[in-house]
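J.: Chain by chain, the residues:
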Amino acid sequence: AQSVTQLGSHVSVSEGALVLLRCNYSSSVPPYLFWYVQYPNQGLQLLLKYTSAATLVKGINGFEAEFKKSETSFHLTKPSAHMSDAAEYFCAVTKNFGNEKLTFGTGTRLTIIP
Amino acid sequence: GAGVSQSPSNKVTEKGKDVELRCDPISGHTALYWYRQSLGQGLEFLIYFQGNSAPDKSGLPSDRFSAERTGGSVSTLTIQRTQQEDSAVYLCASGPRLAGAREQYFGPGTRLTVT
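Read top to bottom, the protein sequences are chains W and H. Numbering of the first sequence is given in the numbering used here, commencing with residue 1 and proceeding in unit increments. Numbering of the second sequence is given in the numbering used here, commencing with residue 1 and proceeding in unit increments.
Please note that a few of the clues may not be correct.
Said to hold, decoys possible - No more than 16 Å apart at the CA atoms, straight line, and that leaves these computed lysine to aspartate or glutamate pairs for EDC-like:
| # | chain 1 | residue 1 | chain 2 | residue 2 |
| --- | --- | --- | --- | --- |
| 1 | H | K57 | W | E100 |
| 2 | H | K57 | H | E68 |
| 3 | H | K11 | H | E85 |
| 4 | H | K57 | H | E44 |
| 5 | H | K15 | H | E85 |
| 6 | W | K95 | H | D56 |
What the hints assert, rightly or not - In silico contact screen, one side only, chain W against chain H (beta carbon under 7 Å); selected entries:
| # | residue |
| --- | --- |
| 7 | Y32 |
| 8 | Q42 |
| 9 | G43 |
| 10 | L48 |
| 11 | K49 |
| 12 | K68 |
| 13 | T94 |
| 14 | F97 |
| 15 | E100 |
| 16 | T106 |
| 17 | I113 |
In short, the hints are calculated from the structure, not lab data. All C-beta atoms, glycine included, are put in the ideal place defined by N, C-alpha and C.
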């Protein structure tokens, strides 16, 4: 079975400050990992993905994440927060064969303080 | 190109009625998924279609839920005899399912309210 844990259901950062959203995974097989963002009343938008290539993954909107197998982590970061980053962020895991259904974390709501 | 589209965007129905939710995946994507997003349960997998293979229905919460995918493209999720606990946002996603490309692209969702 696979699972992800997102630490912190709510995170607030000041505009211009570092954004760090935490995700830890559990998987019995090599995982594929994803971060999605959801703006109010919209679907999920893919931010970035890890599929066993480079461990440091760059995504859209200046976000990046690093896969650390030793820590079973895939934390999302952005050097400088922007007001438009306010949204809910979901970490998700899947396996690389069979039914690749996504198993999501519970989400982290990011608030940007002006 | 066009993304995943879903219709209707909102649906209000009375308890006990049947509803149909539609999903148009991205052209050429062989994998199609349905998920449900609710306050109490978060994001849950419902059903998975891959090409002409039998669907994986392991996430369907009850036999009142069913889905089909016609011609490997459009999919319809049907909920019979709706209950208030079915109220949620139903999300459809499609993916290319290629080596190294397991990402899924989501539609805007259908918000279902059962009164």
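J.: Now look at each hint and say whether the structure bears it out.
T.: Taking the hints in turn, this is what the structure says about them:
1. Our distance criterion of 16 Å between C-alpha atoms is met by K57 (chain H) and E100 (chain W), whose separation comes to about 13 Å.
2. Taken as a hint, the K57 (chain H) and E68 (chain H) pair is honoured in the structure, with Cα atoms around 11 Å apart against an allowance of 16 Å.
3. Restraint check for K11 (chain H) and E85 (chain H): satisfied, since their Cα atoms lie roughly 14 Å apart, inside the 16 Å limit.
4. Proximity of K57 (chain H) to E44 (chain H) is assessed by CA-CA distance (about 12 Å); at most 16 Å being required, the pair is judged to hold.
5. Restraint check for K15 (chain H) and E85 (chain H): satisfied, since their Cα atoms lie roughly 10 Å apart, inside the 16 Å limit.
6. Taking the CA atoms of K95 (chain W) and D56 (chain H), the gap is about 15 Å. The hint holds against a cut of 16 Å.
7. Interface restraint check: Y32 (chain W) against chain H, minimum CB-CB distance 5 Å, threshold 7 Å, status holds.
8. Hint status for Q42 (chain W) relative to chain H: holds, with the closest Cβ pair at about 6 Å, below 7 Å.
9. Residue-level restraint check for G43 (chain W) holds (minimum Cβ-Cβ distance to chain H is 4 Å; threshold 7 Å).
10. For L48 (chain W), the interface hint is violated, since its Cβ never comes within 7 Å of a Cβ in chain H; the closest pair sits about 9 Å apart.
11. Nearest Cβ of chain H to the Cβ of K49 (chain W): about 5 Å, under the 7 Å cut. The hint holds.
12. Annotation: interface hint on K68 (chain W) violated; nearest CB of chain H at approximately 20 Å, more than 7 Å.
13. For T94 (chain W), the shortest C-beta to C-beta distance to chain H is roughly 6 Å, which falls under 7 Å, so the interface hint holds.
14. With a cut of 7 Å, the hint placing F97 (chain W) at the interface with chain H is violated, because the nearest CB-to-CB distance is about 9 Å.
15. Annotation: E100 (chain W) was flagged as interfacial toward chain H, and the flag holds, the nearest CB pair being 5 Å apart, inside 7 Å.
16. For T106 (chain W), the suggested interface contact is upheld, since its CB lies about 5 Å from the closest CB of chain H, less than 7 Å.
17. Annotation: I113 (chain W) was flagged as interfacial toward chain H, and the flag is violated, the nearest CB pair being 25 Å apart, outside 7 Å.
Going down the numbered hints, you'll see the structure goes against 10, 12, 14 and 17, while the others check out.
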